[in-house]
Amino acid sequence: MEQFFQHVVNAQILGGTYALLGIGLTLIFGIMRVVNFTHGELYTFGAYMLFMFVMLLGVNFFVGILLAIVLGVILGALIEITLLRPIRGADIDTTMLVMIGAWIAMQNLEQLTWSGIAKSVTAPFPSEPLVVAGVSVGWDRIFVFASAIVLIVGAHALIHRTQLGKAMRATFQDRETAALMGVKINRIYTATFALGSGLAAAAGALLAPVFVVYPTMGDMAALKSFAIVILGGLGNFWGAALGGFILAFVEEFGAGYLSSGYRDAMGFLLIIIILIFRPTGIFAQKERIG
Amino acid sequence: MSRLAALAVVAFFVSLPLWMTDQYFLHILIGTGIFTIAAMSLNLLLGYTGQLSLGHVAFFGIGAYTSALVSLGFDVTLFGWTVTLAPKPVWFAFLCGIVMAGLAGWFIGKVSFKVRGAYFVIVTISFAEVVRLVALNWIDLTEGPMALNNIPPVTLWLPWLGEKTFWHKTPNYYLVLVIAVIAFEIIRRLVQSRLGRSLVALRENEPLAMSVGIDVTRSLVVATIVSAAIAGAAGGLYAHYIRIVDPDVFLFIYTVTMVIMVVVGGKGTLWGPVVGGLLFGILPDFLRDMAAPEVQWIIYGVIMIVIVFFLPQGIVPAVNGWLRSLGTAVRGATAAKEDRA
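So the protein sequences, as listed, match chains A and B.
Per our numbering, the first sequence starts with residue 1, numbered consecutively.
Per our numbering, the second sequence starts with residue 1, numbered consecutively.
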């Protein structure tokens with residue numbers, strides 16, 4: 001039973017960062033119709049930035065996380081302006097190919113800059129884990145979970161409580177009408193991409209002290225984000241948040257009770273099941289079915 | 001391209017081993033040929049249906065593993081059942097690889113074309129990852145990271161020559177060339193058939209295609225099966241030429257290589273993947289001394305972006321366009337001269 005609760009706690013913590021990744025990707029897809037293959041690289045970027053600030057420049061850990069997120073937002077905005085703005089209105093395949101090119105270039109740039117050797121980041125938390133009723137949780141993991149929840153709530157507030165968020169939602173519903181009402185569509189796109197990228201960089205920075213940092217770490221993160229977004233339905237905020245937790249639970253229990261070698265295959269199994277029985281995602285509202 | 005030009009290209013490649021004595025370059029060409037076949041199969045989906053299969057390496061790898069396993073024989077225990085297979089001749093194993101890859105294509109197409117949009121891309125990319133995990137973890141069958149070794153080379157009965165085992169580079173080169181020509185012909189006939197026209201119709205305007213009675217989902221699934229089967233054939237060739245298969249055949253980077261070949265060469269054209277395949281099959285070897293692999297990949301990523309920005313149709317349609325406008329210009333100039341005379 002204790003083992004069971006241990007898995008539940010582990011899944012919660014993993015789920016928080018999965019949710020961040022999924023929300024970032026689903027926002028970008030929902031509003032811009034872009035399948036963002038650089039998402040995993042933003043995750044990697046966040047992790048390396050934290051490594052650079054904390055381990056190389058000696059910046060305070062929490063400040064380092066904030067800086068990593070800010071840089072992720074800036075990098076996202078740059079990608080949007082330089083790569084996506086010139087091909088606005090192109091079909092989904094075209095943008096996809098550009099994003100794949102960017103993904104490959106970014107990943108190898110990271111490999112070139114940081115070498116292939118894995119790096120680790122030490123976090124300023126007590127090494128003694130918190131033990132409650134036989135279930136132990138590291139303080140670093142508690143911090144990851146709490147931060148993820150704060151960021152999810154923050155992103156939701158940004159979308160539902162601010163003028164920018166209102167414009168984003170308007171663009172999501174009907175781009176032409178929003179533009180007619182004076183919404184600056186280009187700015188909304190840049191803001192959306194920057195926000196999604198910031199969330200991915202945040203996930204990477206938060207998980208850097210828990211795992212290790214290496215150049216191809218983003219591939220798995222990107223694959224999982226895709227699975228999460230399909231689970232929740234493309235473009236669905238709460239779908240992605242819940243999808244993140246569902247994927248984490250399935251992975252954690254699948255790895256714990258079935259086979260740890262297939263841990264990373266669980267997401268795919270979920271996708272297949274979802275596509276067979278409920279192709280528009282668990283929390284579907286719209287998306288054409290053929 | 002005209003039939004004559006096609007024949008000239010084939011004749012050039014047939015004559016190549018006669019004057020090209022550099023065995024290493026022949027090896028590079030065999031690898032290039034195998035990848036070009038895979039790129040042609042990817043083009044059938046990406047170019048003619050507009051569906052990007054980002055896990056194409058899965059079909060390639062399934063073909064390679066199936067062909068290798070059937071020719072080596074295996075025995076595995078699954079849920080208490082023991083399945084034993086004695087080694088089979090390579091040609092039979094090769095066909096099994098094609099069939100298995102086709103079946104995988106059928107499954108993926110069936111599941112992911114229930115919904116349009118980004119789903120096919122995501123399903124294929126995750127499928128490739130899962131197949132890689134299976135190859136890595138199902139050690140009883142696949143030897144996992146230890147790889148399948150000593151895969152027998154192709155043995156064929158040839159007219160006038162009798163039974164031959166393809167130990168050397170030259171026969172393997174011709175084998176790859178023959179399969180490449182067959183794959184090209186299959187794709188050409190398919191694309192110019194009723195099915196091919198309906199694929200292009202649905203790429204351009206799906207609701208319209210549906211309204212004139214095209215069974216859109218079925219057409220897409222059929223295209224996926226054919227594409228996967230050809231990729232599986234390329235995988236089989238790879239397995240019996242390199243003679244070792246490990247889970248790294250499923251690496252995403254190989255799919256990206258195929259995508260770059262198709263996009264740069266010209267998607268939706270028959271010759272695009274051939275041109276792209278030759279370019280990106282041979283180029284890395286020349287760049288090897290000049291740039292580290294990471295730098296090469298950065299360059300490829302940038303090339304892909306640049307091509308999409310400035311030459312969205314790829315090299316082949318662009319060159320065709322130039323030739324045509326050059327032709328018009330020449331004809332115009334001649335006409336002008338005749339006018340003056």
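Worth double-checking, as some hints may not be accurate.
Claimed, not checked - Just the calculated beta-carbon pair ranges, DEER-fashion: (1) A:131 - B:293: 33 to 39 Å; (2) A:131 - B:145: 46 to 52 Å; (3) A:82 - B:170: 21 to 27 Å; (4) A:131 - B:27: 57 to 63 Å; (5) B:296 - A:273: 58 to 64 Å; (6) B:19 - A:273: 40 to 46 Å; (7) A:82 - B:326: 54 to 60 Å; (8) A:157 - B:146: 38 to 44 Å; (9) B:327 - A:162: 55 to 61 Å; (10) B:150 - A:85: 52 to 58 Å.
Unchecked claim - Below, simulated EDC-like cross-link-like pairs (lysine to aspartate or glutamate); rule was C-alpha separation at most 20 Å, straight line: (11) B:114 - A:128; (12) B:114 - B:206; (13) A:119 - B:206.
It is worth saying that the hints were derived from the structure and are not from the lab.
Each residue gets a CB set at the ideal place from its N, CA and C atoms; glycine is no exception.
Inset, instruction - Please name the hints from earlier in the document that this structure breaks, with their numbers sorted from lowest to highest. - result: 1, 2, 3, 5, 6, 7, 8, 11, 13
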